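For the record, the sequence lines run as chains S, V and B.
Quick note on my numbering: the first sequence kicks off at 1 and runs consecutively.
Quick note on my numbering: the second sequence kicks off at 1 and runs consecutively.
Quick note on my numbering: the third sequence kicks off at 1 and runs consecutively.
Please keep in mind that the hints were generated in silico from the structure rather than gathered at the bench.
Since the structure is predicted, the reported quantities are computational estimates derived from the model, not experimental observations.
Don't be surprised by glycine CBs; every beta carbon is placed ideally from N, CA and C.
Errors might be hidden in some of the hints.
Reference listing, derived: stretches of chain S covered by chain V, where coverage requires no fewer than 3 residues with Cβ under 8 angstroms from a Cβ of chain V [said to hold, decoys possible]: (1) 92 to 101; (2) 116 to 130; (3) 148 to 162; (4) 233 to 242.
Far from chain B by the CB rule (all over 12 angstroms, computed), these chain V residues [claimed, not checked]: (5) L213; (6) A221; (7) K224; (8) R228; (9) P239.
Each chain, letter by letter, is given below.
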Amino acid sequence: MSHDTATTSVLSGSLEPETDAALHKKIGWGFWIAVSWVIVITLLAILAPYIHLRDPRGYFVELNGSGRPPYGPSFKHWFGTDKDARDVFSRTLYGARISLIVGFSAISFGFLVGGTLGIIAGYFRGWLDKIISFTFIILLSFPSLVLAIMLTALLNRSLFTISMILGILSIAPVGRLARASTLQFSDREFILAARQIGASDSRIIFRELLPNVVIPMSALALLGMAVAIVAEGGLAYLGLSVSQGITWGSLIQIGSDSATTLENAPWIAFFPILLLFLTVLSLNFAGDRLRSHLDVKESSL
Amino acid sequence: MKFWMQRVAMAILLLLSVSALTFGAMNVLGDPLFNILGPLAGDVNNPKSAALIKEVKAKYDLDKPLPVRYVKWLGDFATGDMGVQFSTDGQPPVSGLIKERVPRTMTLLVMAQLLAVMISIPWAAITAARAGKRSDKISTMNSFFLLAMPNFALAILLKYIFSLKLGWFPLTYNAMDPYFERLRQIFLPAVTIALPAAAVYQRLLRTDLITTLQQDFILMARAKGLSRSRVIFRHAIRPSMFSFITVVGLNTGALIGGSIVVETVFRIPGLGSTLVESVLREDFPVVLAIVMLIASAFVIINVLVDILYSIIDPRVRR
Amino acid sequence: MNDSESMTPALLLEVSDLKTYFRTERGTVKAVDGVSFSLLRGQSLGIVGESGSGKTVLSRSIMGLLGRSNLIREGSIKFNGQELMGLSVKEMRSIWGQEMSMIFQDPMTSLNPVMKIGRQIAEPLMLHLGMNKSEARLTAEKLLTDVRIPEPQRRLNQYPHELSGGMRQRVMIAIALACGPTLLFADEPTTALDVTVQAEILQLINEQRVDRHMSLILVTHNIGVVAGNTDVIAVMYGGKIVEKAPTKTLFSSYKMPYTEALMRSIPKLRQVSHTRLATIPGRPPDMVNPPLGCNFAPRCAYARPKCLVEEPELTATENPEHVYACFYPVGSPEYHERKLELSQRVDSLSTKGPI
Numbered sequence: 001m002s003h004d005t006a007t008t009s010v011l012s013g014s015l016e017p018e019t020d021a022a023l024h025k026k027i028g029w030g031f032w033i034a035v036s037w038v039i040v041i042t043l044l045a046i047l048a049p050y051i052h053l054r055d056p057r058g059y060f061v062e063l064n065g066s067g068r069p070p071y072g073p074s075f076k077h078w079f080g081t082d083k084d085a086r087d088v089f090s091r092t093l094y095g096a097r098i099s100l101i102v103g104f105s106a107i108s109f110g111f112l113v114g115g116t117l118g119i120i121a122g123y124f125r126g127w128l129d130k131i132i133s134f135t136f137i138i139l140l141s142f143p144s145l146v147l148a149i150m151l152t153a154l155l156n157r158s159l160f161t162i163s164m165i166l167g168i169l170s171i172a173p174v175g176r177l178a179r180a181s182t183l184q185f186s187d188r189e190f191i192l193a194a195r196q197i198g199a200s201d202s203r204i205i206f207r208e209l210l211p212n213v214v215i216p217m218s219a220l221a222l223l224g225m226a227v228a229i230v231a232e233g234g235l236a237y238l239g240l241s242v243s244q245g246i247t248w249g250s251l252i253q254i255g256s257d258s259a260t261t262l263e264n265a266p267w268i269a270f271f272p273i274l275l276l277f278l279t280v281l282s283l284n285f286a287g288d289r290l291r292s293h294l295d296v297k298e299s300s301l
Numbered sequence: 001m002k003f004w005m006q007r008v009a010m011a012i013l014l015l016l017s018v019s020a021l022t023f024g025a026m027n028v029l030g031d032p033l034f035n036i037l038g039p040l041a042g043d044v045n046n047p048k049s050a051a052l053i054k055e056v057k058a059k060y061d062l063d064k065p066l067p068v069r070y071v072k073w074l075g076d077f078a079t080g081d082m083g084v085q086f087s088t089d090g091q092p093p094v095s096g097l098i099k100e101r102v103p104r105t106m107t108l109l110v111m112a113q114l115l116a117v118m119i120s121i122p123w124a125a126i127t128a129a130r131a132g133k134r135s136d137k138i139s140t141m142n143s144f145f146l147l148a149m150p151n152f153a154l155a156i157l158l159k160y161i162f163s164l165k166l167g168w169f170p171l172t173y174n175a176m177d178p179y180f181e182r183l184r185q186i187f188l189p190a191v192t193i194a195l196p197a198a199a200v201y202q203r204l205l206r207t208d209l210i211t212t213l214q215q216d217f218i219l220m221a222r223a224k225g226l227s228r229s230r231v232i233f234r235h236a237i238r239p240s241m242f243s244f245i246t247v248v249g250l251n252t253g254a255l256i257g258g259s260i261v262v263e264t265v266f267r268i269p270g271l272g273s274t275l276v277e278s279v280l281r282e283d284f285p286v287v288l289a290i291v292m293l294i295a296s297a298f299v300i301i302n303v304l305v306d307i308l309y310s311i312i313d314p315r316v317r318r
Numbered sequence: 001m002n003d004s005e006s007m008t009p010a011l012l013l014e015v016s017d018l019k020t021y022f023r024t025e026r027g028t029v030k031a032v033d034g035v036s037f038s039l040l041r042g043q044s045l046g047i048v049g050e051s052g053s054g055k056t057v058l059s060r061s062i063m064g065l066l067g068r069s070n071l072i073r074e075g076s077i078k079f080n081g082q083e084l085m086g087l088s089v090k091e092m093r094s095i096w097g098q099e100m101s102m103i104f105q106d107p108m109t110s111l112n113p114v115m116k117i118g119r120q121i122a123e124p125l126m127l128h129l130g131m132n133k134s135e136a137r138l139t140a141e142k143l144l145t146d147v148r149i150p151e152p153q154r155r156l157n158q159y160p161h162e163l164s165g166g167m168r169q170r171v172m173i174a175i176a177l178a179c180g181p182t183l184l185f186a187d188e189p190t191t192a193l194d195v196t197v198q199a200e201i202l203q204l205i206n207e208q209r210v211d212r213h214m215s216l217i218l219v220t221h222n223i224g225v226v227a228g229n230t231d232v233i234a235v236m237y238g239g240k241i242v243e244k245a246p247t248k249t250l251f252s253s254y255k256m257p258y259t260e261a262l263m264r265s266i267p268k269l270r271q272v273s274h275t276r277l278a279t280i281p282g283r284p285p286d287m288v289n290p291p292l293g294c295n296f297a298p299r300c301a302y303a304r305p306k307c308l309v310e311e312p313e314l315t316a317t318e319n320p321e322h323v324y325a326c327f328y329p330v331g332s333p334e335y336h337e338r339k340l341e342l343s344q345r346v347d348s349l350s351t352k353g354p355i
């Protein structure tokens, strides 16, 4: 009855004929394009001070009769200038620094704390699991942006605290997933075998569980980084991110603060929006692809 | 019955924890005395200031231990007394401000949620019926783009296109305008919140619909001679709605987050924009009240979603 | 019913050279490969075959219920003189439920779990017969009485999960009968049910068929099910009809070795308990690359070299209504010769064994 599955799926009016094909699909060129964009923007952000950009805090007022700033995009100012005649291109690249640092440290912190808590909860179970899981539930009881805003109100807004705050937000989602997959793994033979030969708990956690739980979650790290970048952008837009810093959110805020600025000089807001959008899109896309790729590997084992 | 009791007990426990956490954070990480008195709060050596400090401490119970203050505050909060606004002249009560702002945010959220549901259901139905075809693939790509657009950026984009360039919608919100005029002013902000939410709902509902459409009872419905749309809307949608409803409920948190940003972009004096303003003005009683209110609403909504779930699925109801 | 009609019953369905292929990644699956038969009004036909023989696809293909992507469907289906092949789904919808309806295999999954029974029955009534809500409700109640469901009024307001499997199958029959179809398909209607209710359901279907003067196509893998319930039996194998005869004729003088194998798989009352039921060795053919000769040859005990290279045509016996596709049918000299060989081999095996 080798053809039976094929027939039944057609019989029931199968609506997803390409499911099988999708399963065998390679990770695809789209993934690599997305990853390339993330690498390029990261390199540009890191190298921003060394590639002879215009001073992001400099004022480039033209005195030759081109009128009052903001100036539109030109050969001199690729992305134009804002209404204080500051160069939008160099500010956007500098803005990537804070956005990416915050995004990266936030999700790293989330993985470190959330991942550890999740694995501990899933491995030891019992009352420890109950306490940790309840903590996750409490954290998830706040809409994340509300919790972030509350914390920014109470702490000084430095690069470090903003990263920590966004990191705290990612603890619960990461932790829950880590707990779930730890529960799944700790019943598998290799863990049971390790226990039987008398391996210590910490050895099992670090040598056996950590790689098996965390690697499949790497896709989540990309998605989580995108979420953190968006959240930082939102906070910055509201004026609640790193104080005095140039970030994509604050640049967008400057460009859209008044209706006249937005109407007459849309480039001030739109170029940072474009870069933010492309970065988030790439992270989402790469994460999504990676996730289905890892899933397939998992299921084909 | 036992299931519901458990849910409600959990909700109460969560409300207590959330309030304790919020209150604790505000009072431990923040300094209420400083918020009230400003720099004067540190001036303990000056006898005049010291007397003032003592007076304020007594007035706001700051001289009592934290747990006692928490219980008192919780009692006050539950009875509608949310303290006073420090940053406003004459220190009017917070509750008045809240009462004024809540309906606006509620209107915005309800409108956004309705729009999201109204967009996502037909969208999911069409794409599920054409799953794997080109229109479906284009739609998947579109929702991918939509979800990668941060809500404040989407708000600015929509504002630019529909208010500034096309002039279809008013630029500003005016609390003095008549009700229907204000609904029109809120429409574009609601769309901003609704679009990404609709994309999330559509993705989910589409997947569940595809699963449902392969069920035997769908073939049975087709064999009755029902039209395609009747098969989808009468037979397939409802059994596919279970996770949809859960997610619509849980997504309220994301919508509230979205409303904070969108209210700020479109300058709607709602709960969210007030929260941001109060944070910037360090008016902590307002921040505390709004955070508590939103978190409680969120917890309660989650319980309601659970209960609604059991109502809609007759198999769970027994 | 007047006399002239009963004397020369009208032709209801005429299927000629129906082919139904599915394009899959593995290749084209020839699920139904050139099937022809005709059915008179009021007549009942049993289609029997193993799973994978194409019998379910055949019934759905006739009714036009298959999804259209990756489907190849050729041949002719004349229903009441109207050619169905080439009709759009929209045109078919006026036939579905009203002229043709189907009872599906699994009553557990074929009723909508979140819709009340009453509405599921009323739906086609309101759609096809233009009844209003209260008329449809009354008719639905009457239908439930017809299919012998106790307390019909209460059942109308119940959900499928509140009913037993047998009850649900009765509800499905009620839905299928609702608009008074002239042709009823029943696809393994009893397979998912307890043995005790199987006979009741079959009896009910048959009674309703006679009462309503419907034609019936009963699809099953169990030749025992069709034995007392159909006028004609068609045996299907590898997407083709390999033998067709009036029920009595088939049981008394089947020709195909495959039919013989199916017959042997029916449990018989007279057999000593614990007798092993004969099973057919091997698997149904691969429908992407069917065998060159007779589809059954690779599994047939009586196959000869010719069977592996040449495909037998359907030929009639002395009774023109009895057709079969086999070079060496049951009763032929070659058949007896092989049978003798086989029994000798079995004997030699048993005498060699230690006593």
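Hints, verified against the model:
{"no.": "1", "hint": "92 to 101", "verdict": "violated (count 0)"}
{"no.": "2", "hint": "116 to 130", "verdict": "violated (count 0)"}
{"no.": "3", "hint": "148 to 162", "verdict": "holds (count 7)"}
{"no.": "4", "hint": "233 to 242", "verdict": "holds (count 6)"}
{"no.": "5", "hint": "L213", "verdict": "violated (10 angstroms)"}
{"no.": "6", "hint": "A221", "verdict": "violated (7 angstroms)"}
{"no.": "7", "hint": "K224", "verdict": "violated (4 angstroms)"}
{"no.": "8", "hint": "R228", "verdict": "violated (8 angstroms)"}
{"no.": "9", "hint": "P239", "verdict": "violated (5 angstroms)"}
Violated hints for the displayed structure, listed by number in ascending order: 1, 2, 5, 6, 7, 8 and 9.
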